[in-house]
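Q: Chains as they are written, first to last, in this note's numbering: chain A, 1 to 225; chain B, 1 to 287.
Think of the hints as simulated: they come from the structure by calculation, not from any bench. Keep in mind that a hint or two might mislead.
Stated by the list, open to error - Under the rule of at most 30 Å between Cα atoms (straight-line distance), these lysine-lysine pairs were calculated in the DSBU-like manner:
1) A:K53 - A:K86
2) B:K259 - B:K4
3) B:K259 - A:K131
4) B:K73 - A:K56
5) B:K73 - A:K131
6) B:K18 - B:K4
7) B:K280 - A:K53
8) B:K285 - A:K53
9) A:K184 - A:K131
Claimed, not checked - Just a sample of chain A residues kept apart from chain B, beta carbon distances all over 10 Å, derived:
10) N37
11) G70
12) V102
To be verified - So the derived label-pair ranges between C-beta atoms look like this:
13) A:I160 - B:E14: 43 to 49 Å
14) A:R77 - B:E130: 29 to 35 Å
15) B:E37 - A:G100: 41 to 47 Å
16) B:S81 - A:K86: 44 to 50 Å
17) A:D98 - B:E58: 42 to 48 Å
18) B:E252 - A:N89: 50 to 56 Å
19) A:R77 - B:E14: 45 to 51 Å
20) B:K13 - A:F7: 24 to 30 Å
If you're wondering where the values come from, they're calculated on a predicted model, not measured in any experiment. Glycine included, each C-beta is placed from N, C-alpha and C at the ideal position.
Residue strings, one per chain:
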Amino acid sequence: MRELDVFDILGPVMIGPSSSHTAGAVRLGNVAAMIYNRRPKKVDFYLHGSFAKTYKGHGTDLALVAGILGYAPDDERIRDAFDHAKAQNIAIYFHEADLGYVHPNTVKIIFEDDKERFQVIGSSLGGGTIKIIDINGAEVALHADYPTLVLQYPDKLGIINRVSSIMATAGVNIASMKVTRRQKKATMILELDGKIDQTTYNFLASSIELDYLTSVGAVEENHGV
Amino acid sequence: MVYKAVDLLEECKEKQCKISAIMRIEEAEAASITPEELDAWMLDVLEIMDQSSTQGLEEEIFSISGMTGGFAKKVWEHRKSPSLSGEFGLSSMAKALSTSEVNASMGRIVAAPTAGASGILPAALSGAKEKFNLSNEELVPGLYTAGAIGKIIALSATISGADGGCQAECGSASAMAAAALVELMGGAPEQSFHAASFALIHIMGLICDPIAGFVEFPCSLRNASGVMNAYISADLAMAGVESLVPFDEVVEAMYRVGKLLPESLRETALGGIAASDTAKALEEKYL
Chain A
1 MRELDVFDIL
11 GPVMIGPSSS
21 HTAGAVRLGN
31 VAAMIYNRRP
41 KKVDFYLHGS
51 FAKTYKGHGT
61 DLALVAGILG
71 YAPDDERIRD
81 AFDHAKAQNI
91 AIYFHEADLG
101 YVHPNTVKII
111 FEDDKERFQV
121 IGSSLGGGTI
131 KIIDINGAEV
141 ALHADYPTLV
151 LQYPDKLGII
161 NRVSSIMATA
171 GVNIASMKVT
181 RRQKKATMIL
191 ELDGKIDQTT
201 YNFLASSIEL
211 DYLTSVGAVE
221 ENHGV
Chain B
1 MVYKAVDLLE
11 ECKEKQCKIS
21 AIMRIEEAEA
31 ASITPEELDA
41 WMLDVLEIMD
51 QSSTQGLEEE
61 IFSISGMTGG
71 FAKKVWEHRK
81 SPSLSGEFGL
91 SSMAKALSTS
101 EVNASMGRIV
111 AAPTAGASGI
121 LPAALSGAKE
131 KFNLSNEELV
141 PGLYTAGAIG
151 KIIALSATIS
161 GADGGCQAEC
171 GSASAMAAAA
181 LVELMGGAPE
191 QSFHAASFAL
201 IHIMGLICDP
211 IAGFVEFPCS
221 LRNASGVMNA
231 YISADLAMAG
241 VESLVPFDEV
251 VEAMYRVGKL
261 LPESLRETAL
271 GGIAASDTAK
281 ALEEKYL
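Model the full structure from these sequences, guided by the hints.
A: Here's what the structure looks like:
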């Protein structure tokens, strides 16, 4: 994670009432939507722990929906997020759930369209900071403090080398790289010091055999849902 | 990352400058922007603080849970009546309550350092603005100094109620505000740290016991008392009273006290007034 600065102390500028239960929830929705990167027809939210217990009084439900609609944590439309989701024909459901040994403020988000289901699990750690801990069953640790790329691919030799060389050619420094593996599928979380352009992103997408690639604020003019 | 008051004081002495001047240059550099751009950002922050601290004075604002609201307007209307706190004190408390109510209604606030304690610094700065005829531009150094205090606490202790109780949230906000007020009144950097120490000492051990877990009651009241705590702490320091224990050690003490607090007294709504029969009934009704 990046170092603490004055923007964390006099900020975030946010919609209340709670940086962990409201602002953090918006960020979780934002980042989950960027990872999903499509238009869902239906979204199910499974709220765990303190999220499950106190979501109504903290507007966590509104915040999560506003998040997947791409609103910022200081957007005054958050209060009316359900109406906005309805207007965009996105069906929203909330459930209370036990997600196991995870942070008390954790949510499992299931996006669905006609083709498939897509799962993102994330926690709000306090002060508006978040951590995505699971993408489609792959264990990850994604804070979204940096421009970040998420890659899932059949595990084989040379991928890390290939990815680093593409980043080096693009002139973007890698801040950190984490790879986890499960059933021969690898998930890479790549944090960058700067953004890459669309051409580099497209080149990356076409030059490696990928199941999945997405950007969390890593491509210039990147759009959410 | 080590960030201590003692180092900051040393740097102030070396460069013959205020806390705010160091913070301004360092933070702009860290964010890769110019100090002027950071000033502009601070002015935007002040603008949002102005709005949140005045919105609830003329209109009653209710929380989204529906449990609380309208305190700010009541206190504002009472400000000219005969009182012990006086018009200035009542106005300041009303402004702190206003931001707390805007926060609880899902309105826009600046977390300073957290959303739960967001009423204290805006009310204190607004008080200084009124009392000493300052412009928003002249308040900006106060924000930098407040930021420095908050940063020291966040890095060597905690600013989270779930970690350290209310002392870590409203206590930190009061300490930030007290140090800022001293600088705005022309006090020396040492005096800012004495004031910040007093603010933390005054409420050391304060628990976090929100009814039903909502950021409402007693949170808004503790924002109101928090701004008064900042005022008396700043005035004590300006009078020349000195803290026997330096700020870094006061922060460490606050952190240790926070760690000693059982979980029931740290934002879980299981202890303090949140555990009272009446609070349980309210929880039943509004949760």
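Q: Which numbered conditions among the earlier hints are violated in the structure presented, ordered from lowest to highest?
A: 5
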